[in-house]
Amino acid sequence: MSTIEFRNVRKIYPKAATAALADISLTINRGEFVILLGPSGCGKTTLMKMINRLIEPSSGTILLDGVDIQSINATKLRQQIGYVIQQVGLFPHMTVAENIAVVPKLLGWPKAKIQSRIDELLQLIQLDPAQFRQRYPAQISGGQAQRVGLARALAADPGVMLMDEPFGAIDAITRTALQDEMLRIQQQLQKTIVFVTHDVEEALRLADKIAILHEGTIVQYDTPLNLLRNPANHYVAELLGADDLVRRLSLIQVRHVLQPLPASYDSSLASIESSRNLRDGLNQLLASSDEQLLVVEHNQPIGMLSLAAIHAYLHPEVIHERHR
Amino acid sequence: MNDIVDGLRYLLTERAEVWQLLGQHVTISLIALLIASLIALPLGVLVVRVGWLAGGVMAVLSVLYTIPSLAMLIMLIAVFGLSKTTVIVTLVIYAQVILVRNIVVGLKSIDRSVLEAARGLGMNAWQIWWQVELPLALPIMLAGLRIAAMMCIAISSIAAMIGVGGLGQLLFQGITFDRADMIWAGTISIASLALVCYGLLALVEQRFSPKI
Numbered sequence: 001m002s003t004i005e006f007r008n009v010r011k012i013y014p015k016a017a018t019a020a021l022a023d024i025s026l027t028i029n030r031g032e033f034v035i036l037l038g039p040s041g042c043g044k045t046t047l048m049k050m051i052n053r054l055i056e057p058s059s060g061t062i063l064l065d066g067v068d069i070q071s072i073n074a075t076k077l078r079q080q081i082g083y084v085i086q087q088v089g090l091f092p093h094m095t096v097a098e099n100i101a102v103v104p105k106l107l108g109w110p111k112a113k114i115q116s117r118i119d120e121l122l123q124l125i126q127l128d129p130a131q132f133r134q135r136y137p138a139q140i141s142g143g144q145a146q147r148v149g150l151a152r153a154l155a156a157d158p159g160v161m162l163m164d165e166p167f168g169a170i171d172a173i174t175r176t177a178l179q180d181e182m183l184r185i186q187q188q189l190q191k192t193i194v195f196v197t198h199d200v201e202e203a204l205r206l207a208d209k210i211a212i213l214h215e216g217t218i219v220q221y222d223t224p225l226n227l228l229r230n231p232a233n234h235y236v237a238e239l240l241g242a243d244d245l246v247r248r249l250s251l252i253q254v255r256h257v258l259q260p261l262p263a264s265y266d267s268s269l270a271s272i273e274s275s276r277n278l279r280d281g282l283n284q285l286l287a288s289s290d291e292q293l294l295v296v297e298h299n300q301p302i303g304m305l306s307l308a309a310i311h312a313y314l315h316p317e318v319i320h321e322r323h324r
Numbered sequence: 001m002n003d004i005v006d007g008l009r010y011l012l013t014e015r016a017e018v019w020q021l022l023g024q025h026v027t028i029s030l031i032a033l034l035i036a037s038l039i040a041l042p043l044g045v046l047v048v049r050v051g052w053l054a055g056g057v058m059a060v061l062s063v064l065y066t067i068p069s070l071a072m073l074i075m076l077i078a079v080f081g082l083s084k085t086t087v088i089v090t091l092v093i094y095a096q097v098i099l100v101r102n103i104v105v106g107l108k109s110i111d112r113s114v115l116e117a118a119r120g121l122g123m124n125a126w127q128i129w130w131q132v133e134l135p136l137a138l139p140i141m142l143a144g145l146r147i148a149a150m151m152c153i154a155i156s157s158i159a160a161m162i163g164v165g166g167l168g169q170l171l172f173q174g175i176t177f178d179r180a181d182m183i184w185a186g187t188i189s190i191a192s193l194a195l196v197c198y199g200l201l202a203l204v205e206q207r208f209s210p211k212i
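Each protein sequence line maps, in turn, to chains Y and D.
Under full-length UniProt numbering, the first residue of the first sequence carries the number 1, and numbering increases by one thereafter.
Under full-length UniProt numbering, the first residue of the second sequence carries the number 1, and numbering increases by one thereafter.
Same shape as in the complex, but just chain Y (with noise of 0.2 Å):
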């Protein structure tokens, strides 16, 4: 886990018109998911290869944990730093262990070290490692070969995972798939993840934070739901679809806007996951006698949710003047 910190950092490239970048100040919380979202151009895979050095910024300073990058050996920052793209890029002539253990041997850890590592992660990624060790690329599928991907990266327990639309190749269901593997990993390691996409729907769905890039500048920097409520201006109230109040329900999870669980409710209300979503949420409540549903986790109650609170979530203002 690790803090990372960009201070002023421009790039611009040379015989380009404008900066690709322009005067970018971001600060990534340890242990937070963050998504660099925006169309193609925006600079946002720029941003985020300037964290491993795969690009230089032409001036300002990246931090990581209080310490200048630029101080750092390149090779020995990105063995500190999992790495994950689009196209996965396994290494075709090495089994799926290999793949796994090439950081790992760069670190020159212990071979028995190494070898229960794999199976640790091939656990993690959910792949039998009886049947996976010895495969090669050529003979896993596409959504498999990311998994792959993604276990190499994680292979030397770095603090920072850098993932680079790493699920833009893989079709819609599978893709669902490992949206959801990827919020149960997170849940369980608490890396600092920064994750470019161009996907509205996957950046609402997974991140922490997002940091909306419009042509080089970063527009808002925000959690999804502040997003969604306070969008700073037309354009990101656009590429979110802010505007649709129905998809904007389906787009949260109904534990961002719980109320407190009271001292004491009633427990045989209708309940709900709290990681569905708040369209999930209006329907049941709207199908139920109730005017309020227990949302729970793990089968543990932990708050409620009620037809005013989706209200309030969907009209912010009005809160606001209720607590003056």
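Do not rely on the hints blindly, as some may be mistaken.
[Unchecked claim] Pairs of lysine to aspartate or glutamate residues, derived as DMTMM-like cross-links and limited to a Cα-Cα distance of at most 25 Å, are as follows: (1) Y:76 - D:111; (2) Y:209 - Y:244; (3) Y:76 - D:133; (4) Y:49 - D:111; (5) D:108 - Y:98; (6) Y:49 - Y:201.
These are computed hints drawn from the structure, not numbers from a lab.
Chain Y is fixed; fit chain D onto it per the hints.
Below, chain D alone, put in the same frame as chain Y:
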């Protein structure tokens, strides 16, 4: 048919001479291949790394390749005389086109994402070369080596004309003395040498090909 049998008989009865010629033939070809590879590898890598070099280098090599071998030998005799050096230099020049082209194709065939991953995971340039680029490009490079070896064996036969030995000598002496058995002996031995080399190198290639 009788001539072929005579040719085989010649190979048996004159085996001491044939072994010596075979030794000369193989030595010249091997030395040429070795030198050619040592030049082609850095040249090929350079061509891949420095984009603007590619066009020029490949054009020069292709032009050299179009010169008929006899003409090349005669031109080089002017420089190196009637010596093995002349033959070896000729072979090295011809082999360059084949070897460099296959090295370039081999290296360029590597998926860019694989190289990006290698860099992103923290391999340095040297590790990327040994662990990723070389093993992935090797099958195509070896295919080039196999073709170059065949070319060396073939042109070495002609080189016997300038008196450096090799199995080609059987051909030229056979023609001079009007001895069909010698011509056949030369043909059979050169063809056999080529086939054996081809097979051996194909095995090596297979050994280094991806296991899929």
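Contradicted hints - numbers only: none
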